[in-house]
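Visitor: Chains as they are written, first to last, in my numbering: chain E, 3 to 194; chain C, 3 to 194.
Hints were generated in silico from the structure; no laboratory data involved. The structure presented is a predicted model; accordingly, all values stated were derived computationally and were not measured. C-beta: ideal position from N, C-alpha, C; glycine also. Careful, some of the hints might be misleading.
[What the hints assert, rightly or not] Calculated from the model, a selection of chain E residues having no Cβ within reach of chain C, i.e. all distances over 10 Å:
| id | residue |
| --- | --- |
| 1 | Arg21 |
| 2 | Leu30 |
| 3 | Ala50 |
| 4 | Asp75 |
| 5 | Glu81 |
| 6 | Phe89 |
| 7 | Asn90 |
| 8 | Ala92 |
| 9 | Asp94 |
| 10 | Ser105 |
| 11 | Arg108 |
| 12 | Arg141 |
[Claimed, not checked] Once the Cα atoms are required to be at most 25 Å apart in a straight line, the calculated SDA-like pairs of lysine to any residue come out as:
| id | chain 1 | residue 1 | chain 2 | residue 2 |
| --- | --- | --- | --- | --- |
| 13 | C | Lys87 | C | Ser71 |
| 14 | C | Lys83 | C | Ser101 |
| 15 | E | Lys82 | E | Asp69 |
| 16 | E | Lys36 | C | Ser151 |
| 17 | E | Lys134 | E | Glu114 |
| 18 | E | Lys83 | E | Thr103 |
| 19 | C | Lys134 | C | Ala118 |
| 20 | C | Lys87 | C | Ile113 |
| 21 | E | Lys36 | C | Asp9 |
| 22 | E | Lys134 | C | Met137 |
| 23 | C | Lys134 | E | Arg133 |
| 24 | C | Lys134 | E | Lys84 |
| 25 | E | Lys87 | E | Lys98 |
| 26 | C | Lys134 | E | Met137 |
| 27 | E | Lys84 | E | Ile110 |
| 28 | E | Lys36 | E | His145 |
| 29 | C | Lys98 | C | Ser71 |
| 30 | C | Lys87 | C | Asp69 |
| 31 | E | Lys87 | E | Gln59 |
| 32 | C | Lys134 | E | Gln59 |
| 33 | E | Lys134 | C | Ala126 |
| 34 | C | Lys83 | C | Thr72 |
| 35 | E | Lys83 | C | Met137 |
| 36 | E | Lys83 | C | Lys87 |
| 37 | C | Lys82 | E | Phe12 |
| 38 | E | Lys134 | C | Arg150 |
| 39 | C | Lys36 | E | His11 |
| 40 | C | Lys134 | E | Lys98 |
There are 2 protein chains.
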Amino acid sequence: MQMSNDDNHFLETPGHLIRRLQQISFALFLDQAKEFDVTPVQYAALVAINNHPGIDQTALCNIIAFDRSTIGDVVGRLEKKKLIKRFNGAIDRRTKSLSITPSGRRLIRDIEPAVASTQRLILAPLRPGERKAFMAMLRHLVHLNNERSRAPSRPQEARRPLKGSALRAREQAPKAPVRRRWRRRGVRRAVR
Amino acid sequence: MQMSNDDNHFLETPGHLIRRLQQISFALFLDQAKEFDVTPVQYAALVAINNHPGIDQTALCNIIAFDRSTIGDVVGRLEKKKLIKRFNGAIDRRTKSLSITPSGRRLIRDIEPAVASTQRLILAPLRPGERKAFMAMLRHLVHLNNERSRAPSRPQEARRPLKGSALRAREQAPKAPVRRRWRRRGVRRAVR
DNA sequence: CCAAAATCATCAGTATGCTGACGAAATGCC
DNA sequence: GGCATTTCGTCAGCATACTGATGATTTTGG
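Could you build the full structure based on these sequences and the hints that come with them?
Guide: Dropping the structure here:
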């Protein structure tokens, strides 16, 4: 199977190489941390929850640049492994409030060496000076292209505290069942 | 939601930034090429098939660094869209032989500007000199870490032509049904 | 020539992402 | 105060990945 010039052109585009580096870095993490049974994504969520006790899922997504429609599964797996707990939001009843367990804190502490060696291995092929330059450019690319993905990072966006009529209402008549205004309809979606 | 120092540390590790850059680059491709209804992965497979008419699936994986257990679905979608054709291997009957259709060739030609602008947009935040340096380091990282992922690139590995008893046997008594030697057993897998 | 080992495509199970929609709840505006 | 709009968590549907196993076939070693 001879390589053609077109292959060489295509295989070295930014998009293709970035996809491969992501796969390599994911595999390195799983390998280094295999005894801890968490994925890079789960680890990221766990660390953010540890740093922000009681955070809700959407705010968590804004910090670690995840998709809202995926985070439910991720924290569900963390909960099943008893690394975090999930409560219904006490203030805003639409939200779920996330907090870490002692077991989760222990995992964060114990996995540290594996995480550090993963990051080291990813950049290992570069010379020390190059590593700094590469990381600076990587940060630059991600930050300036931030809004391009569905899940941009928005760490500055705080959860606004409740302050409207709902808060006042709840102070007097808690948890009155609410009448539904929408009817369930079948899901229709073009299949392209 | 205040950012903590731990957040800043974690959010700037290579692994996290690489994951985000991959998401950004994927989203840019879909956006630039949205009228063509192919994903970056499907496009890569299509180009490789165009460059290597009659290639089988495993050799295709070796070129574009895909996983063998995923490629079946990908080429299945290309086939459904009539961009490629899939035949049973004429020489080695375990393989599927892939070839592009006129419609697929047309797509490769027409999508070119969108692909080019995607690659341009990914690197746009960098200064021209930095782009070269970044790409050189990216190539270096991927090539030296190649064997770390499940699907390393092995472009030099040719499909060996059939040469054993099977070929001679087939020349005389084609397609004799073969007695099975293994019994189906239930799938057991640790759930970790 | 034949049995053991290797290889090809596929499958089930799990995990991640994205799109678009939805019910529930909260906010904004008049 | 009451309705329109937004927001939160979730869901269905699709696409990509990886692990380990399986059946069919081919290669290898003797």
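Visitor: If a hint holds in the structure, say so; if it doesn't, say that too.
Guide: Going down the list of hints, with the structure as the test:
1. With a cut of 10 Å on Cβ distances, E:Arg21 falls inside the contact zone with chain C, its closest approach being about 6 Å.
2. At roughly 6 Å, the least C-beta separation between E:Leu30 and chain C is not larger than 10 Å, which violates its mark as non-interface.
3. Residue-level check failed: E:Ala50 sits 7 Å from the nearest beta carbon of chain C, not beyond 10 Å.
4. Interface exclusion of E:Asp75 from chain C stands, the closest Cβ pair being 16 Å apart, more than 10 Å.
5. Separation of E:Glu81 from chain C is adequate, the least Cβ-Cβ distance of about 16 Å exceeding the 10 Å criterion.
6. Once the 10 Å rule is applied to beta carbons, E:Phe89 is consistent with being away from chain C; the minimum gap is 17 Å.
7. Annotated as non-interface, E:Asn90 keeps its C-beta farther than 10 Å from every C-beta of chain C; the closest such distance is 19 Å.
8. Distance check on E:Ala92: its Cβ is at least 17 Å (rounded) from any Cβ of chain C, clearing the 10 Å threshold; non-interface status holds.
9. The Cβ of E:Asp94 lies farther than 10 Å from every Cβ of chain C, with a closest approach of about 14 Å, so its non-interface assignment holds.
10. At roughly 16 Å from the closest C-beta of chain C, the C-beta of E:Ser105 stays outside 10 Å, upholding its exclusion from the interface.
11. Under the 10 Å C-beta cut-off, the non-interface status given to E:Arg108 relative to chain C holds; the minimum distance is some 16 Å.
12. Listed as a non-interface residue, E:Arg141 fails to keep its Cβ farther than 10 Å from every Cβ of chain C; the least gap is roughly 6 Å.
13. Only pairs whose Cα atoms come within 25 Å are accepted, and C:Lys87 paired with C:Ser71 is accepted, the gap being roughly 19 Å.
14. With a C-alpha separation of about 13 Å, the suggested pair C:Lys83 and C:Ser101 falls inside the 25 Å cut-off, and the hint holds.
15. Using a Cα cut-off of 25 Å, the hinted pair E:Lys82 and E:Asp69 holds, with the two alpha carbons roughly 20 Å apart.
16. Pair hint E:Lys36 plus C:Ser151 holds up; C-alpha atoms about 15 Å apart against a cutoff of 25 Å.
17. Distance check on the hinted pair: E:Lys134 and E:Glu114 sit about 21 Å apart at the alpha-carbon level, within 25 Å; holds.
18. Restraint check for E:Lys83 and E:Thr103: satisfied, since their Cα atoms lie roughly 10 Å apart, inside the 25 Å limit.
19. As the CA atoms of C:Lys134 and C:Ala118 are separated by approximately 16 Å, the hinted pair is consistent with the 25 Å bound.
20. Between C:Lys87 and C:Ile113 the CA atoms are separated by roughly 20 Å; this keeps the pair inside 25 Å, and the hint holds.
21. This hinted pair checks out: E:Lys36 and C:Asp9 have alpha carbons roughly 23 Å apart, not beyond 25 Å.
22. As the CA atoms of E:Lys134 and C:Met137 are separated by approximately 15 Å, the hinted pair is consistent with the 25 Å bound.
23. Note on C:Lys134 and E:Arg133: the hinted pairing holds, with a Cα-Cα distance of about 15 Å set against a maximum of 25 Å.
24. Restraint check: the Cα-Cα separation between C:Lys134 and E:Lys84 comes to about 46 Å, which exceeds 25 Å; the hinted pair is violated.
25. Restraint check: the Cα-Cα separation between E:Lys87 and E:Lys98 comes to about 10 Å, which is no more than 25 Å; the hinted pair holds.
26. A hinted pair counts as satisfied when its Cα atoms are at most 25 Å apart, and C:Lys134 with E:Met137 qualifies at roughly 15 Å.
27. Using a Cα cut-off of 25 Å, the hinted pair E:Lys84 and E:Ile110 holds, with the two alpha carbons roughly 13 Å apart.
28. Under the criterion of a C-alpha separation no larger than 25 Å, the hint pairing E:Lys36 with E:His145 is inconsistent with the structure, at around 30 Å.
29. Proximity of C:Lys98 to C:Ser71 is assessed by CA-CA distance (about 14 Å); at most 25 Å being required, the pair is judged to hold.
30. Under the criterion of a C-alpha separation no larger than 25 Å, the hint pairing C:Lys87 with C:Asp69 is consistent with the structure, at around 20 Å.
31. Taking the CA atoms of E:Lys87 and E:Gln59, the gap is near 12 Å; set against the 25 Å cutoff, the hint holds.
32. Among the hinted pairs, C:Lys134 with E:Gln59 is inconsistent with the structure: their alpha-carbon atoms are about 39 Å apart, more than 25 Å.
33. For the hint linking E:Lys134 to C:Ala126, the alpha-carbon distance of about 20 Å falls within 25 Å, and the restraint holds.
34. For the hint linking C:Lys83 to C:Thr72, the alpha-carbon distance of about 18 Å falls within 25 Å, and the restraint holds.
35. For the given pair, E:Lys83 sits about 40 Å from C:Met137 by alpha-carbon distance, which is inconsistent with the 25 Å threshold.
36. The hinted pair formed by E:Lys83 and C:Lys87 fails the criterion: a straight-line CA distance of about 45 Å is larger than 25 Å.
37. The hinted pair formed by C:Lys82 and E:Phe12 meets the criterion: a straight-line CA distance of about 24 Å does not exceed 25 Å.
38. For the suggested pair E:Lys134 and C:Arg150, the alpha carbons sit about 23 Å apart, so the restraint of at most 25 Å is met.
39. The straight-line distance between the Cα atoms of C:Lys36 and E:His11 is roughly 22 Å, inside the 25 Å bound, and the hint therefore holds.
40. With a CA separation close to 45 Å, the supplied pair C:Lys134 and E:Lys98 exceeds the 25 Å bound.
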